[in-house]
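Visitor: Here's the letter readout for the chains.
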Amino acid sequence: MTLTEASFWTGMAATAAFAVTAVAAIKNRGVDLFGVLVLGAITAVGGGTIRDVILQQPIFWVQNLSYIWVALGASAIAFFGRSLVTEGQTYAILLYLDGFGAAFFAIHAVDTVWKLGFGLPAAPVILGMITAIGGGLMRDVLAGRPTLLMSRELYAVPLLFACSLFALILTLALEYQAAGAAGCVALSFLLRAAAIHWNLRMPRWLLSK
Amino acid sequence: MTLTEASFWTGMAATAAFAVTAVAAIKNRGVDLFGVLVLGAITAVGGGTIRDVILQQPIFWVQNLSYIWVALGASAIAFFGRSLVTEGQTYAILLYLDGFGAAFFAIHAVDTVWKLGFGLPAAPVILGMITAIGGGLMRDVLAGRPTLLMSRELYAVPLLFACSLFALILTLALEYQAAGAAGCVALSFLLRAAAIHWNLRMPRWLLSK
Amino acid sequence: MTLTEASFWTGMAATAAFAVTAVAAIKNRGVDLFGVLVLGAITAVGGGTIRDVILQQPIFWVQNLSYIWVALGASAIAFFGRSLVTEGQTYAILLYLDGFGAAFFAIHAVDTVWKLGFGLPAAPVILGMITAIGGGLMRDVLAGRPTLLMSRELYAVPLLFACSLFALILTLALEYQAAGAAGCVALSFLLRAAAIHWNLRMPRWLLSK
Numbered sequence: 000m001t002l003t004e005a006s007f008w009t010g011m012a013a014t015a016a017f018a019v020t021a022v023a024a025i026k027n028r029g030v031d032l033f034g035v036l037v038l039g040a041i042t043a044v045g046g047g048t049i050r051d052v053i054l055q056q057p058i059f060w061v062q063n064l065s066y067i068w069v070a071l072g073a074s075a076i077a078f079f080g081r082s083l084v085t086e087g088q089t090y091a092i093l094l095y096l097d098g099f100g101a102a103f104f105a106i107h108a109v110d111t112v113w114k115l116g117f118g119l120p121a122a123p124v125i126l127g128m129i130t131a132i133g134g135g136l137m138r139d140v141l142a143g144r145p146t147l148l149m150s151r152e153l154y155a156v157p158l159l160f161a162c163s164l165f166a167l168i169l170t171l172a173l174e175y176q177a178a179g180a181a182g183c184v185a186l187s188f189l190l191r192a193a194a195i196h197w198n199l200r201m202p203r204w205l206l207s208k
Numbered sequence: 000m001t002l003t004e005a006s007f008w009t010g011m012a013a014t015a016a017f018a019v020t021a022v023a024a025i026k027n028r029g030v031d032l033f034g035v036l037v038l039g040a041i042t043a044v045g046g047g048t049i050r051d052v053i054l055q056q057p058i059f060w061v062q063n064l065s066y067i068w069v070a071l072g073a074s075a076i077a078f079f080g081r082s083l084v085t086e087g088q089t090y091a092i093l094l095y096l097d098g099f100g101a102a103f104f105a106i107h108a109v110d111t112v113w114k115l116g117f118g119l120p121a122a123p124v125i126l127g128m129i130t131a132i133g134g135g136l137m138r139d140v141l142a143g144r145p146t147l148l149m150s151r152e153l154y155a156v157p158l159l160f161a162c163s164l165f166a167l168i169l170t171l172a173l174e175y176q177a178a179g180a181a182g183c184v185a186l187s188f189l190l191r192a193a194a195i196h197w198n199l200r201m202p203r204w205l206l207s208k
Numbered sequence: 000m001t002l003t004e005a006s007f008w009t010g011m012a013a014t015a016a017f018a019v020t021a022v023a024a025i026k027n028r029g030v031d032l033f034g035v036l037v038l039g040a041i042t043a044v045g046g047g048t049i050r051d052v053i054l055q056q057p058i059f060w061v062q063n064l065s066y067i068w069v070a071l072g073a074s075a076i077a078f079f080g081r082s083l084v085t086e087g088q089t090y091a092i093l094l095y096l097d098g099f100g101a102a103f104f105a106i107h108a109v110d111t112v113w114k115l116g117f118g119l120p121a122a123p124v125i126l127g128m129i130t131a132i133g134g135g136l137m138r139d140v141l142a143g144r145p146t147l148l149m150s151r152e153l154y155a156v157p158l159l160f161a162c163s164l165f166a167l168i169l170t171l172a173l174e175y176q177a178a179g180a181a182g183c184v185a186l187s188f189l190l191r192a193a194a195i196h197w198n199l200r201m202p203r204w205l206l207s208k
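Residue numbers (numbering that gives the first Met the number 0), protein chains in the order written: chain B, 0 to 208; chain R, 0 to 208; chain W, 0 to 208.
Derived from the structure by calculation, the hints contain no laboratory data.
Treat each hint with caution, since some may be false.
Claimed, not checked - For the chain W half of the interface with chain B, some residues (derived, Cβ under 10 angstroms), not all of them: (1) Leu32; (2) Gly34; (3) Ala142; (4) Val156.
C-beta: ideal position from N, C-alpha, C; glycine also.
Taking the hints into account, I'd like the entire structure generated from these sequences.
Guide: Right, here's the structure in full:
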């Protein structure tokens, strides 16, 4: 398996994880199967769509419909197995998979945008963040949930930290691009996993109140 | 009247129907005339705008400002005649017109996107759905209303069924494109009309609860 | 200082004013420093981003990252000085600065879009309004606040009046473009300042209730 293939299959797994976590997140909101498919797919591909619109590049899921089929299929499976995916133990595992998916999407986007030389160094980081959290923000707005910006959950900060570090590596030591990418995905995931495991939250003095 | 002209005038009528229904839908939300114009216009042209942005084609209402003038004019008329358009009997007629407009916009978009060969077969269906319901979703989010994804109303499902059937016709029997388009608009409208008339809703087992 | 330089620095000041006002507006919504940076930056550059996406032109802040740095810097300063910026007297000053920023952004966008010959005469006015209020709408939706479309506040109407007048000047008397731009910024600002000072609101008969 080449690196490109590995990246493709990781992206597919991350897409499925995003969709399934979305379905688990929107239970009890009066959403029907149609809404589940729409919100699952938006969560999975919405952030990357905004990224490609801002980049003015072809939309990734139009180029390769596998992302849509996987997002819709995973959402449908999650809908019919919703008593399973919203169950405590399974949902906890989903949170970790979602954290890994977000880390992968974010760092992969920073890498792609950096290679395009697009608004270095800030735009790759911003577009990496949009790729990872944009779909979830759209889902929450459309489902009438408070967005993650209104919670103290440590979801986005590990991503921002890892994306910024990766941008620094690409600026200072481009020869470590591959190792840096892997390391930053791992870092982001580990920080998020620590936040899930120990229920870490933003300290109160960093709240705007 | 040529087919293109008939299509243009149908689009204008559908634009007006979308705007007027939007104004009726947002009464009692503390919106003023400015908000009515904005939300009426967004409902009427918002979905098509997202479609054109994803297609990376010129925005349809920039190419032909008639859509904007009709949307704004219909919204203003609906605002000043709001005691009429929100009245039971008139509002019911509006719902049927809106259902026809959504069917027309959706199938017309599937047809247009299919001719561009853009992400066949899934992207035309997705963009058809975005064209028909995207503006209404934006309106509800901006007006602080629950979106249609959070209701059991049968609004989007008839559209999805008709768009998918039309994509199947275009795949298997492209020579029936014109008849298929007309038939799928009629099918979507009739399903929606049945849902309005008999107050049909999504069955409970298709709800995510 | 050339006119282009003056325009650039005014844009920077307006960007900072938008970001700081945004931070003051979202206090008490449980937003943390990350959310403050995101929402401050979206408020400052979000409207212009939608404008550039619809124009299918390069995104302004990707071309010149100063807008992002100023927006993030101003948001961070406002976060740490939030007891100051939300204090009555300072907040009142911020409202005036924000009103000036919105007037400048709107008229500047009308001017730019007009020069592109893009959908004259309606599209420049629409894109001017999107530039000025689009970021604030996104902020309110993401922060779960009622949008300005649901308030009787006279925020957008002065902008619409000035943008429309400027479009009229550009149509009828293009030779007065520079003076017209300055006059329309001043007009929009003065109307907004009057609305803030005397707490003017939309008259009740212009409400959709």
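Visitor: Look at each hint and say if it fits the structure.
Guide: Now for the hints, and whether the structure bears them out:
no., hint, in the structure
1, Leu32, "holds, 4 angstroms"
2, Gly34, "holds, 4 angstroms"
3, Ala142, "holds, 7 angstroms"
4, Val156, "violated, 26 angstroms"
In this structure, only the earlier hint numbered 4 is contradicted, and the remaining ones agree with it.
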